[in-house]
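The two chains are supplied separately, each in an independent frame; assemble them into the complex guided by the hints.
Keeping their order, the protein sequence lines are chains A and B.
One gets my numbering by counting positions in the first sequence from 1 and adding 8 to each.
One gets my numbering by counting positions in the second sequence from 1 and adding 224 to each.
Simulated from the structure, these hints should not be mistaken for laboratory data.
Among these hints, one or two may not hold up.
[To be verified] Which chain A residues face chain B? A few, computed with CB under 8 Å, are given here:
| hint | residue |
| --- | --- |
| 1 | Phe-53 |
| 2 | Asn-64 |
| 3 | Ala-100 |
| 4 | Ser-102 |
| 5 | Thr-108 |
| 6 | Phe-113 |
| 7 | Gly-116 |
Even for Gly, the Cβ is constructed at its ideal location relative to N, Cα and C.
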Amino acid sequence: KAGVTQTPRYLIKTRGQQVTLSCSPISGHRSVSWYQQTPGQGLQFLFEYFSETQRNKGNFPGRFSGRQFSNSRSEMNVSTLELGDSALYLCASSLVGQYTGELFFGEGSRLTVL
Amino acid sequence: QKEVEQDPGPLSVPEGAIVSLNCTYSNSAFQYFMWYRQYSRKGPELLMYTYSSGNKEDGRFTAQVDKSSKYISLFIRDSQPSDSATYLCAMSYQGGSEKLVFGKGTKLTVNP
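Only chain B is shown next, with the shape it has when bound in the complex (with noise of 0.2 Å):
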């Protein structure tokens, strides 16, 4: 089993949907939750962090971490054409260290 499981998609959905991402885990230790987005021929870049459990709002996206499940999810609401990406989870047993856990991502594309 995977540290980290998330569902590869790929995920069609129409302008202006509620697109809803989620990822599951299986070690405990993960404190520090992330999502990043990736697009095609680039690095991926920090959307939102989370650290241990708990809700966070920025603009039209939400991150959920539910440490009891754990499971975390990505709300994005009004999606939007330039969300097309790749979203990737990812996780950290340690503050102040680069190594991270991600998840292999799910592909989106918001269609207008």
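Extracted from the complex, chain A is given alone in its bound form (with noise of 0.2 Å):
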């Protein structure tokens, strides 16, 4: 069974653009949710889908944005990106049901803005 696809796994933005992450979650999965990981900040939910729907947002400005497809893939959007916003990009999904606490990760897109 295929993982949690994340492209594209490496990117060099400026400042001021604009970047698109994708995400293909593992087969059956409908939940999908986005991280941003730095060294200084780590692991911080940026948000989270279901059904097409967002059901939870983190505290990111917005700026960030994202959405989820009918067939559950996701994307997520920086725009006017800054240098802080370099980081690694890491997209989970879960199978709905019984809570065990496990997110399945992508290797995640390394996002690096000069």
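Okay, here's the thing in structure tokens:
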């Protein structure tokens, strides 16, 4: 069974640009979430989607947005990039049902903002 | 004060040592407690999950939750070089949600 797939794996942007990251969850998983990981702040929750609806949102500015499609695939967008947006962006998916605390993470998209 | 505090280490131990990793938290609303392991250049993977207070054992790993002290621990017995990774504690208010609050992680190196 394929894991969570994130594209692109690495990207470099300049300040002011925007970026779109893509995530394909594990087949059958309908819940998808995004996290930002930096050395200074660690892993921080961005947002969570289930059946194309945003269920939760973290404490990030409106420049960070996301969506989920009917096939459960998800995208996140960051507009007007700032240097501080340089981070590893991780997507995770889970199987809705009995809660086990288990999120299945992808390997991440590493964004560098110059 | 951050909701979840975790000593970042790094922690270096010899093979076979017992490792103790800890997190403290401030919000008593947390009900679900997890430990994730993250190898270099990989996403985190779930190691242990505990609901509310108590102990849970899985092979060489034991997770403890003390809600009265707002303190959770992970013990690794007979540590192996393959255990070298960053260990992240994580907590959640509600079951069924993917919104987790993570500690910053402790980097562990087990030396052969």
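Verification of the hints:
no.	hint	verdict
1	Phe-53	holds, 5 Å
2	Asn-64	holds, 5 Å
3	Ala-100	holds, 6 Å
4	Ser-102	holds, 6 Å
5	Thr-108	holds, 5 Å
6	Phe-113	holds, 3 Å
7	Gly-116	holds, 6 Å
Hint violations for this structure: none, all hints satisfied.
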